[in-house]
Structures are given as structure tokens and as C-alpha cells.
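6 protein chains.
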Amino acid sequence: MEVSVSRKAHFNAAHRLHINAWSDEENKRYFGSCNNANFHGHNYELIVQVTGEVDPVSGYLIDMKELKDVIKEEVEDRFDHKNLNLDTEEFKDLNPTAEHIAVVIWRLLRKRINQQLKLKITLYETERNFVEYSGN
Amino acid sequence: MEVSVSRKAHFNAAHRLHINAWSDEENKRYFGSCNNANFHGHNYELIVQVTGEVDPVSGYLIDMKELKDVIKEEVEDRFDHKNLNLDTEEFKDLNPTAEHIAVVIWRLLRKRINQQLKLKITLYETERNFVEYSGN
Amino acid sequence: MEVSVSRKAHFNAAHRLHINAWSDEENKRYFGSCNNANFHGHNYELIVQVTGEVDPVSGYLIDMKELKDVIKEEVEDRFDHKNLNLDTEEFKDLNPTAEHIAVVIWRLLRKRINQQLKLKITLYETERNFVEYSGN
Amino acid sequence: MEVSVSRKAHFNAAHRLHINAWSDEENKRYFGSCNNANFHGHNYELIVQVTGEVDPVSGYLIDMKELKDVIKEEVEDRFDHKNLNLDTEEFKDLNPTAEHIAVVIWRLLRKRINQQLKLKITLYETERNFVEYSGN
Amino acid sequence: MEVSVSRKAHFNAAHRLHINAWSDEENKRYFGSCNNANFHGHNYELIVQVTGEVDPVSGYLIDMKELKDVIKEEVEDRFDHKNLNLDTEEFKDLNPTAEHIAVVIWRLLRKRINQQLKLKITLYETERNFVEYSGN
Amino acid sequence: MEVSVSRKAHFNAAHRLHINAWSDEENKRYFGSCNNANFHGHNYELIVQVTGEVDPVSGYLIDMKELKDVIKEEVEDRFDHKNLNLDTEEFKDLNPTAEHIAVVIWRLLRKRINQQLKLKITLYETERNFVEYSGN
Chain H
1106 MEVSVSRKAH FNAAHRLHIN AWSDEENKRY FGSCNNANFH GHNYELIVQV TGEVDPVSGY
1166 LIDMKELKDV IKEEVEDRFD HKNLNLDTEE FKDLNPTAEH IAVVIWRLLR KRINQQLKLK
1226 ITLYETERNF VEYSGN
Chain B
1106 MEVSVSRKAH FNAAHRLHIN AWSDEENKRY FGSCNNANFH GHNYELIVQV TGEVDPVSGY
1166 LIDMKELKDV IKEEVEDRFD HKNLNLDTEE FKDLNPTAEH IAVVIWRLLR KRINQQLKLK
1226 ITLYETERNF VEYSGN
Chain U
1106 MEVSVSRKAH FNAAHRLHIN AWSDEENKRY FGSCNNANFH GHNYELIVQV TGEVDPVSGY
1166 LIDMKELKDV IKEEVEDRFD HKNLNLDTEE FKDLNPTAEH IAVVIWRLLR KRINQQLKLK
1226 ITLYETERNF VEYSGN
Chain P
1106 MEVSVSRKAH FNAAHRLHIN AWSDEENKRY FGSCNNANFH GHNYELIVQV TGEVDPVSGY
1166 LIDMKELKDV IKEEVEDRFD HKNLNLDTEE FKDLNPTAEH IAVVIWRLLR KRINQQLKLK
1226 ITLYETERNF VEYSGN
Chain Z
1106 MEVSVSRKAH FNAAHRLHIN AWSDEENKRY FGSCNNANFH GHNYELIVQV TGEVDPVSGY
1166 LIDMKELKDV IKEEVEDRFD HKNLNLDTEE FKDLNPTAEH IAVVIWRLLR KRINQQLKLK
1226 ITLYETERNF VEYSGN
Chain X
1106 MEVSVSRKAH FNAAHRLHIN AWSDEENKRY FGSCNNANFH GHNYELIVQV TGEVDPVSGY
1166 LIDMKELKDV IKEEVEDRFD HKNLNLDTEE FKDLNPTAEH IAVVIWRLLR KRINQQLKLK
1226 ITLYETERNF VEYSGN
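Residue numbers (our numbering), protein chains in the order written: chain H, 1106 to 1241; chain B, 1106 to 1241; chain U, 1106 to 1241; chain P, 1106 to 1241; chain Z, 1106 to 1241; chain X, 1106 to 1241.
Simulated from the structure, these hints should not be mistaken for laboratory data.
Just to be clear, a hint being listed does not mean it is correct.
All copies of an identical chain are treated as equivalent in the list; a pair is satisfied when it fits inside any one copy or across any two copies.
For lysine-lysine, the following PhoX-like pairs were computed, each having C-alpha atoms within a straight-line distance of at most 20 Å [to be verified]:
(1) 1133 / 1170
(2) 1223 / 1197
(3) 1223 / 1173
(4) 1223 / 1133
(5) 1173 / 1225
(6) 1173 / 1133
(7) 1170 / 1216
(8) 1113 / 1216
Taking the hints into account, I'd like the entire structure generated from these sequences.
So this is what it looks like as C-alpha cells:
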């Protein structure tokens, strides 16, 4: 029985979209108000989905409390109430688009979750915009 | 890195479920209150999902502002505050079930979005009923 | 102990905003796309709030099942899957704005709910627009 | 045209996580507060997704009213306002984790839905924890 | 400047509606399936609203982290993953209707929050049923 | 007939809680992670409620399109994709707590809305924290 189990979490962060190799004008034209030099921010909503075989004895795919703790350590403690561009190693040289943030979170969690389980990340930047990444 | 990016939109429309080739009695029996001759209506919630390779420079799969504009031109301007049966070309001879509306929206958007990107439509007719279509 | 108890319900209806005493041009200018001659529609979300003294024995203000049934009889059976302008007595000569619909629903329910209880109606026309009426 | 149609439903139930073959201490250590001997409970939110070919005449994949009735008979009448461990056949000897509940619901509905249609269950135990099962 | 500040929290609990002074038959007739002898349960969603004058220096009405901690100590630690009828002092002899639970929570929090601030409780028993209590 | 009409809007902004007259240590102790020197951010959800007499002819309390435009001009154009501390006049010398932001928005809108109508602001800083202000 292959089942998926999902856990929601969230973090609040500031960011700006900006590519160092581009001129200010190019950045402004491409990213518009998202390029604001003084940053803006979001309440990021995160869904972590883990897929695999249910343990026939316990009826658990994964202990949700452990999953919750791993998300806290790898994602919330790292990004919550932070400026993604200035306060994090991950986005020092990587443009913090929703696409990139989802990929970064996937990689951080991939190292911590049993390799026999599949992993998928859904990240809401706003209620109306969201991205998904499964490591492919 | 294959990522999916989704954008939500909505439109409010009137419709009735009715098949011209059937008798009134058959329509009434099959579609029940959804067949009401004077129409009823919904707040349709739409999720447009686009899937493909993230641009390694910009960190964008697709410019969300462009996607938002395409949805406005092809879907909202066409269907919002309209009677789907009477005011639109698409449903003159096609029964406007949620299934058909999702397929029609998929086809309208498919022409406007880069053919290298996959496209999926999710359409909520009510909070409790929704349909999905990926072009298969 | 004065407590408020609320129950949510919903109905899907078609309508158009139109005042018979005005010219078509005036209606069009004032109500815009909401004036569309062929109607449009909404999923109306309704919250019925009843306020009064909790019964010290049962711990109930009002039996929720009875409240649910009254809402079904007076609101859902009357307006669900209907055209408010064409299919209902209430809006034959009354412009079905969200404000008027809330007032009409309040009056329909007021007759059916114990007069010692206060009554308030909240009506969502869309997720972003809603009205409230308390009978004052 | 392969389309998915989904219907939401819900039921409110009590349960405890407990494996008869384990000692009380093992159960307590493994399931924590979810093992509380006197039970706790949830508002379970259910999404039933059915996938297949749309009927080219009616524009329906499945009659939503029939799907709603099947969910009521197989899931709501069986589990709503019940104690899953004590009041149901299904969980007399099966630990009622969200994973197991999703699998049980899938099996109950699978028997009632046209075998040419694919079936997927999503079950929210809380707003933050949910599971998915497709019968694989 | 009188401002209201609200904080959401939740707890999952089992309960049954039952009045010891009534016969089993009376309980069954009055409370229906909510009287199930083996209990059922809910995800209770709680909104705690505090109203008063904003501190002109800090711009805070109340420190949200302190409010969050008080709710955890008085409500979540007491009721989460519990059977309200069997595991709590508060509902040993008090029927745990949503109305009564809201009043009990109001009294527990009232003792812990500055008396110059007004306090209001909103408690969702399900997404469709909720109660409010302000201490009047 | 006194009716309330509400309109939802939103804006995404960066901010930090900081009082210039306090030492860095005092700010850190009082505001915790909200004091982060490089800012963090939120998706602010705004509900603007207007209360007054419904026009007996049109059935409108206020034209929702006008209200939407006023909110865009006064709130969204001013605060969306901005750093509240650095990019706005309003919070140059005012700590941008949710309480203060709600009061500032109330004052900006109060000037633009008919003085015979009452005005109330609800501002969600996160899904779990929100404030209300009515000008008292």
C-alpha cells in the first residue's frame, strides 16, 4: 500500500528578486516591483508530501511528529523571520524566486528523509501563486 | 529541474445544463435542478498549472504576470459576468458541465502557452465539486 | 450567559442587477457587467447568527439541527439553483444586490426564529465581497 | 478526454491510536497523546477523486449526485459521529491511523464505483495533516 | 485608539452530549447522534480576541507571544487530545456543548489576561457551526 | 436599513518592529525575531467594512467598484511590494506593528469614504494573527 502523507508548515520572510549579473535596469524591467531594492515579503505556506509503503504493524508511513520536527529544523529555523537575500547561505548567490525556494527546500529535506520515500514540495508564495517540485 | 507553477483566478457566470437533442423531460430527469430553464450560477475558481524546466538564470519557469494576463484575456474577459449558454461561442452547442468548461479553458490557454510547457486546469464549480484536465 | 451560535449554508443562483424604472443605458452605466441582460451567477455563502441566553440545563442556545432545517426551508429551497430575478417572488420588483438579498433572508428567517433571540445575517457574494444585516 | 472529478465530504469521529499486540508502555511511547485511553477526535475532511473518460453526450464523467450518495452511504453513515475503534467493524483490529482510514475508505468506495474509473482518496485528519491513497 | 487583536489556536478532542439527570432515551432524542455512548470528536478551532488601548510607545496591544503561551497553557494543554467528558475537571458535570466549551474557555483565559482588556471567544466545532462568547 | 458591506484586498510587504528611542538590546528583547535588522515580511490580508443606510432605489450601500478603487489607490499602491519602514512616509517614525498598520489604513481610507458611513478595518498579518480598528 503506497500512501502519501503531507504536512503543512509556514514561514514569514523578506526577499527581493535580483540577479547580480544584470544591470539595475534589466532587473527592474524583468522583475518589476518584485525587484524593489528595500525588499518586500511573504507568508510562505509549505506542504511537504512524503510517499511510500505504510508500515503494516503501526499503520504509519512516517511519524508526523518527526516530520514536523525535521521541517522546523531545516526550513522554519533557517528561513522564518529572515531576509532570504541577506540572512541565508542558500540565496546569497541564488535568486529567491518561488521556484528556487521550493528546490532549495526539497534539497534540504531530501537529506533528512528516508531515501526509500519519495518527496514533493508545494510552496505558496501568495494565496494565488504556488509552485511544486518533486526532484525530477 | 522540472517545476510546476500555478496561478489562481476566478469568474462568476450563469449557466444551465441542457442538451438540445434531448426532450425537456429527459433533461430534467438527468440534470435535475441544474437544468432550471432560467439558469443558476457559480463563482468558478480556476487554477492554471504550468510545468517545465526552470530557467537557470532568472529562476523563473514562466513570468507570473504574463500568465495572469493570458488568463484574463482568454478566460476572465470571455466568461466573467456572462451567461455561458447564451453569451459565449464555446457553449452555444456544448453542454456547460464543469468537465466541459475545464476542457474548453485548457484549449483556450494551450494556444497561448509555450508548447514545451505542460498545462493542467483545475476548476472549482463549488467549494465541494471540482474537476481537473491535463489534455490527455 | 449570552452566547451567539452561527450556522453556515450556501446556495447557487443566477441574477442581474437592474432597476425597471431606469433606462437600459442608466442601468448599464450604474451596474456595469452586473447588469448583463442574460444574467450571471454566484455561489452565495450564508452565515446565520443567533444570539441569546444559553439554556442552563441542555447547554444549547438553539438546536443546530432545527436551525439547519429552517435555513433549508426558507433559503435553500427558495433560492438554490434559481434565477433570483425570474424565479422568485422576493426579487420580482426588488433589485437583487447582495444588500437586498441579506435583508430578504433576514426577514424570512426572523419569522421562524424565537423572537427572544437576536438574528444577524452575513452573506458572501464572492470570496472578496460580503454584507451583514442585523435588522436595525 | 480523461478528466478527474472530485467531491468533498466530511465526518466527525473519535479514535485512539493503539496496537493490541503492544504493551501500554510501547503504545504510549510510539503514539504519544494520540494513544490517550479515553480517545480524542477529529473533523475528517474527505476528497474523493474519480478519473476517466467524459461522456461525449452528457458532458458528465459521473453524476455528482450519485457520487455524493455513495459517499454518504459508505463513509458518512458508517463513520460520522462514531468511535472508530469501538463502533466500527473496519477498525476493530486495525489501528485507525489516517493512512489506514484512507485505505479503508478507498476499498469501501472501490466496490461501488464503475471499475473503468480510477479512484483516489485524500483525507485531512487536521488542517495541517493529510494523506492520499490511489489503490497502488 | 481602541484596537482588537485576535489569535487563532486549535485542539482535537472527543466528547459526547449527555445530561446525567436525563434518561438515556431523553438524551438520545434530544442530542441524536451527538449522544453516541462511545463518543465522537472534533478539531476545535479557537479565536481569542482581546480589545483595549494600544500602547503608544511599542504599538502593541498585547504581546502575541504571551497570548499564544497563555492559550497553550490554559486551553491546549488542558483539552488537546483529551476526552472532554472523561479527562477534564471542567466537563465532569457540565454538558460539553460548543456553547459551554466557549464559556469555560472564556473563564479560564479571563483570569490570565489583564482585566482592563475585553475578551471574546469564538469557537468553531466544525467548519459550519461556531459559537461566540464575550462574558455578558 | 443599516447594512455593512465588506471588501477584501491584500498587499505583500517587508517590515521590522523597531523603536528608534530604544537600544538595540531592548528592541531585541521586546520584539524578538520580529526585530531582525534585515527585515522579514508578510502577505497582509485586509477587510474594509463600510456601514450605513442602503439606498432604497439602487439597493447599494456603496459601489463596490469604487470601494475597490479607493483601496487600491490608498493602500495597495502605497504599501504593496514595499518595505514599510524604509519606503513609506507613514512608518518612518511609527513602529509598523499590525495594530499601527490597521490604524494608519483606517485614517487613509476615512478621508476618502463618505463621512456618513462608518468604517472598520480588519488586518490579517498571518492566518493566525489579526487586528481590528473602528476609529474609536
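We went through each hint and held it up to the structure:
no.: 1; hint: 1133 / 1170; in the structure: between (43 Å within a copy, 14 Å between copies)
no.: 2; hint: 1223 / 1197; in the structure: neither (28 Å within a copy, 31 Å between copies)
no.: 3; hint: 1223 / 1173; in the structure: within (17 Å within a copy, 31 Å between copies)
no.: 4; hint: 1223 / 1133; in the structure: neither (38 Å within a copy, 28 Å between copies)
no.: 5; hint: 1173 / 1225; in the structure: within (15 Å within a copy, 25 Å between copies)
no.: 6; hint: 1173 / 1133; in the structure: between (38 Å within a copy, 19 Å between copies)
no.: 7; hint: 1170 / 1216; in the structure: within (18 Å within a copy, 32 Å between copies)
no.: 8; hint: 1113 / 1216; in the structure: within (19 Å within a copy, 32 Å between copies)
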